[in-house]
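Enquirer: Residue-level listing of the chains:
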Amino acid sequence: MRTKGFVFTIDATLALFLMVLVLITIIFLSAQADESPYVNLHMLRIGKDTLSVMDKQGILTSGNVSLMNSSLNSTLQRSIGAHVEISTYYYDEGGFNFMSITQFGSNIPANASIYVTSRDFVAMSNGRISNYSIARMTLWQK
Amino acid sequence: MWKEVLSLAEKKGQAVPIDFIVGLFIFLVLLAYFFILWDIYSIRYFETAKSRDRDIASLSITDALVNSPGHPENWAQDPLNAQAIGLCSRPNELSSEKIAAFSSIPYANAKQMLGIDEEFFVKIETSEGARYASIGVEANNSSTILEVSRVALLNNTIVNVRVQLYEN
Chain A
930 MRTKGFVFTI DATLALFLMV LVLITIIFLS AQADESPYVN LHMLRIGKDT
980 LSVMDKQGIL TSGNVSLMNS SLNSTLQRSI GAHVEISTYY YDEGGFNFMS
1030 ITQFGSNIPA NASIYVTSRD FVAMSNGRIS NYSIARMTLW QK
Chain B
2 MWKEVLSLAE KKGQAVPIDF IVGLFIFLVL LAYFFILWDI YSIRYFETAK
52 SRDRDIASLS ITDALVNSPG HPENWAQDPL NAQAIGLCSR PNELSSEKIA
102 AFSSIPYANA KQMLGIDEEF FVKIETSEGA RYASIGVEAN NSSTILEVSR
152 VALLNNTIVN VRVQLYEN
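Protein chains in written order, with my numbering: chain A, 930 to 1071; chain B, 2 to 169.
Be a bit skeptical, because a hint or two may be false.
As the list claims (entries may be wrong) - Partner residues aside, some chain B positions facing chain A, computed with beta carbon under 7 Å: (1) 31; (2) 122; (3) 152.
Just so you know, the hints here were simulated from the structure itself, not pulled from any lab data. Remember, it's a predicted structure, so these values are computed and weren't measured experimentally. Where is the CB? At the ideal position from N, CA and C, for every residue including glycine.
Whole structure, please, built from the sequences with the hints as guidance.
Expert: Have a look at this one:
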């Protein structure tokens, strides 16, 4: 009498376990499917495009913060916020030495998803590299 | 004796009804839940997959237009025999000649060269709205439009390359 229904209980437990496992998998996969990785990619492309265009126009190398700010605001869509930090190094005695940091754009919000992209560029003087800079752009959706 | 045997035979193999009914009930509830979820998520999955296909297509088209010279590089001289369309001379620097050549390609051929099944419309304009080029067929209001915008230079002016994909 003690073992009455024992086999059925194992069957039922196994079936229940499998079904719960399937349900958890479906819910997990569907939750993952809701997060689009392309928003990330698109934001990074926008950042790269903006830095590239500003570099090609000579705005990044100008050192003029108000010009950089106005160019950034006119280039980016209004729904996107950005902050740019340019670290500049000067070339001397066969090596690069830190020179300055220039920052422009908006302040990075504390609780927003941010995307970071960067671009390297050089400034030439008398046909030689004088400065080497790294522009790091942080973007977010407003 | 025969009565006892018959009585045992009648009892033998009978299920315990409460255990069985409760188990069956739980199983059926879970099964129904499973099918309802399956139905909901399969619809959502196909919609998401479709939307992602269009995301990929729009990103790859804008990448090709803004960052690639196309194939062959001088395709603008013979647009109908282009293998891949790209509008720039250097990354993020658009070529007026290539934009004009892209405009001259018949719509069906352009779709084939871009490798898409959806309809497309490409606008090249400044942020103030001055339009340099419109290529493709503009969507009507009822369509679901996916638009991806990229930034590039055209004759040293900053322009937005807006690619719209939609289904009729």
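Enquirer: Now tell me, hint by hint, if it's right for this structure.
Expert: Hints, one by one, checked against the model:
Evaluation of the residue 31 (chain B) hint against chain A yields a held restraint, the C-beta minimum of about 5 Å falling below 7 Å. For residue 122 (chain B), the suggested interface contact is broken, since its CB lies about 18 Å from the closest CB of chain A, more than 7 Å. The beta carbon of residue 152 (chain B) comes within 4 Å of a beta carbon in chain A, closer than 7 Å, and the hint placing it at the interface holds.
Of the numbered hints given earlier, the model fails hint 2 alone.
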